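K.L.:
Take a look at the letters that make up each chain.
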Amino acid sequence: MRSSPKLKPGIWDALVALIVLVMAVGCACAVWTGDSDGGGELEAVVRMDADGTDTEIRMRLDGLNRVERTVTSNGYTLQIVLTETEAWVEASDCPTQDCVHTGHISRSGQSIVCLPARVIVQLVGGDGGDPGVDAVVG
Amino acid sequence: MKRLIALLTAGVMIALLAGCRKQEASAQIFAMDTVMGVTAYGGSAEKAVKAAEEEILRLEDMLSRTDPKSQVSRLNGSDGAAVAVDEEIVSLIREAGTYSQATGGAFDITIAPVVAAWGFTTDTYQVPEQADVDALLAAVGMEHVTLAESQVTLERGTEIDLGGIAKGYASDKLEAIFEEHQVEHGMVELGGNILLIGSKPDGTAWRLGVQDPAKPNEAAYAAIVQLEDAFAVTSGSYQRYFEQDGKTYHHIIDPATGRPADSGLTSVTVVTDRGSGSGTMCDALSTALFVMGEEQALEFWRGSDYAFELILVTEDGRVVVTKGLEEALMETKESGYTYEIVS
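Keeping their order, the protein sequence lines are chains A and B. First residue of the first sequence: 495, per the working numbering; consecutive thereafter. First residue of the second sequence: 2, per the working numbering; consecutive thereafter.
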């Protein structure tokens with residue numbers, strides 16, 4: 495029986511293997527840590543869904559002093575306050591006032607919902623997210 | 002030369018691998034008096050999410066109690082006459098009747114007029130007179146509902162509200178849509194109803210926080226559970242309530258008394274594996290078991306043919322978890338609750 499030739503890996507083989515390894519790690523990093531809301535600076539996203547039309551306002555909170563935005567959606571007007579670390583609904587003429595009662599939100603993933611006005615104020619990005627849960631049941 | 006070809010081939014393969022990142026799509030939808038979130042990874046995720054949005058809106062149109070054009074509204078305004086409706090509604094009412102029977106009436110879709118008398122349907126809260134409640138209770142019970150193949154008859158004075166299972170039913174429909182579009186990982190949040198498809202895209206289990214009923218407006222959890230391929234639904238007294246004369250009245254009405262259930266519980270979370278149970282089942286049982294209270298709920302769990310697990314949060318600061326969730330449970334020490342595993 496004829497035996498296989500003995501393989502003798504050389505420096506070039508090692509170099510190829512190293513390059514492949516580096517590329518693999520790079521690609522894996524790109525795949526698993528790519529675009530998500532988890533990175534970057536903390537942003538406030540205000541979404542309005544009135545009469546079937548979606549409107550979105552995004553605002554970076556980093557360095558923000560205090561900004562008040564008045565939004566009107568589905569016939570109701572909300573006064574939203576944004577600071578460097580928090581967001582809240584200061585006032586609303588909606589009937590339930592749930593958005594006002596939700597109080598201040600300060601961590602990525604938290605949101606304030608006004609059902610009558612069909613408005614969501616959500617914090618995304620930043621490093622201060624809640625690492626504990628993916629969703630809340632309740 | 003061979004090395005160069007090998008290097009180029011490996012590079013192309015890795016580039017292709019990187020391009021294999023799972024398609025991701027998500028949407029938020031205002032429907033059924035709440036905000037719903039749908040997220041899908043893999044398969045035809047975008048098509049799945051679009052189809053899910055359409056399905057949610059279709060179900061809302063069909064099942065809404067407040068939309069005068071919905072089939073449920075037509076039924077409730079029928080004044081005792083038979084009404085032709087989609088077989089889908091007949092089937093859902095029949096399923097609701099099954100849960101009503103199984104829970105001894107603790108879950109009952111005909112409680113609708115009583116819930117309305119408390120103002121929970123219209124957000125005009127009030128404490129009704131007991132005599133008025135008693136009069137309404139006379140028309141409560143599935144025996145006042147007659148079903149045919151595509152026809153429903155409600156006795157005069159009887160009304161139904163499918164809100165107690167509509168979100169659970171919607172999660173079942175969305176599960177089917179996700180399967181059809183071969184979604185590999187996904188999460189559907191329909192108010193207090195959660196559907197989990199597979200694991201998270203990174204292969205780990207989803208982590209669900211069970212809202213702390215004592216802190217309903219905070220990111221505070223009575224417990225955290227790690228789940229995959231599951232339905233989870235919570236009914237809690239903190240979800241909708243009002244105060245009058247220093248007393249709090251919540252929205253989960255006991256069909257036996259016509260008053261907010263006073264069962265010693267502040268929330269009930271029902272969990273089941275996909276394939277073993279359904280979102281509709283979890284939705285119906287979470288309400289029923291809240292009404293029953295801890296002792297009866299656990300008795301029901303032990304003796305039931307339905308496959309599910311429970312997380313009960315009690316007024317006296319305990320989190321009672323059934324044995325099947327023991328490994329999935331993560332206690333939240335900062336919550337101040339004490340934990341009990343029951344079997």
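Quick caveat, the hints were computed from the structure, so don't treat them as lab data. For clarity, every value in this text was computed on a predicted model and none was experimentally measured. Note that CB positions come from ideal geometry on N, CA and C, so glycine has one too. Treat the hints with care, as some may be off.
Covered by chain A, according to a simulated footprint, are these stretches of chain B (three or more residues, beta-carbon under 8 Å) [unchecked claim]: (1) 207-215; (2) 225-236; (3) 295-306.
Partial list, derived from the structure: chain A residues whose beta carbon lies under 10 Å from chain B [unchecked claim]: (4) 566; (5) 578; (6) 597; (7) 614; (8) 630.
K.L.:
Do three or more residues from the stretch 225-236 of chain B put their C-beta atoms closer than 8 Å to C-beta atoms of chain A?
P.N.:
Since 4 is at least three, the answer is holds.
K.L.:
Report holds or violated for the interface hint on residue 630 (chain A), using the least CB-CB distance to chain B and a cut-off of 10 Å.
P.N.:
With a minimum Cβ separation of about 5 Å from chain B (threshold 10 Å), the hint on residue 630 (chain A) holds.
K.L.:
Taking a Cβ-Cβ distance under 8 Å as contact, does the stretch 295-306 of chain B have three or more residues in contact with chain A?
P.N.:
violated (count 0)
K.L.:
Is the hint on residue 614 (chain A) kept, meaning its closest Cβ partner in chain B is under 10 Å away?
P.N.:
holds, 6 Å
K.L.:
Does residue 597 (chain A) hold up as a contact with chain B if the rule is Cβ-Cβ below 10 Å?
P.N.:
Cβ of residue 597 (chain A) sits 6 Å from chain B, so the hint holds.
K.L.:
Tell me whether the statement that chain A covers the stretch 207-215 of chain B is true, taking a Cβ distance below 8 Å and needing three residues at minimum.
P.N.:
holds (count 7)
K.L.:
Answer holds if the nearest beta-carbon of chain B is closer than 10 Å to that of residue 566 (chain A); otherwise answer violated.
P.N.:
violated, 16 Å
K.L.:
Does residue 578 (chain A) pass the interface check with chain B, least Cβ-Cβ distance below 10 Å?
P.N.:
violated, 19 Å
The structure does not agree with the numbered hints 3, 4 and 5 stated previously, though it agrees with the rest.
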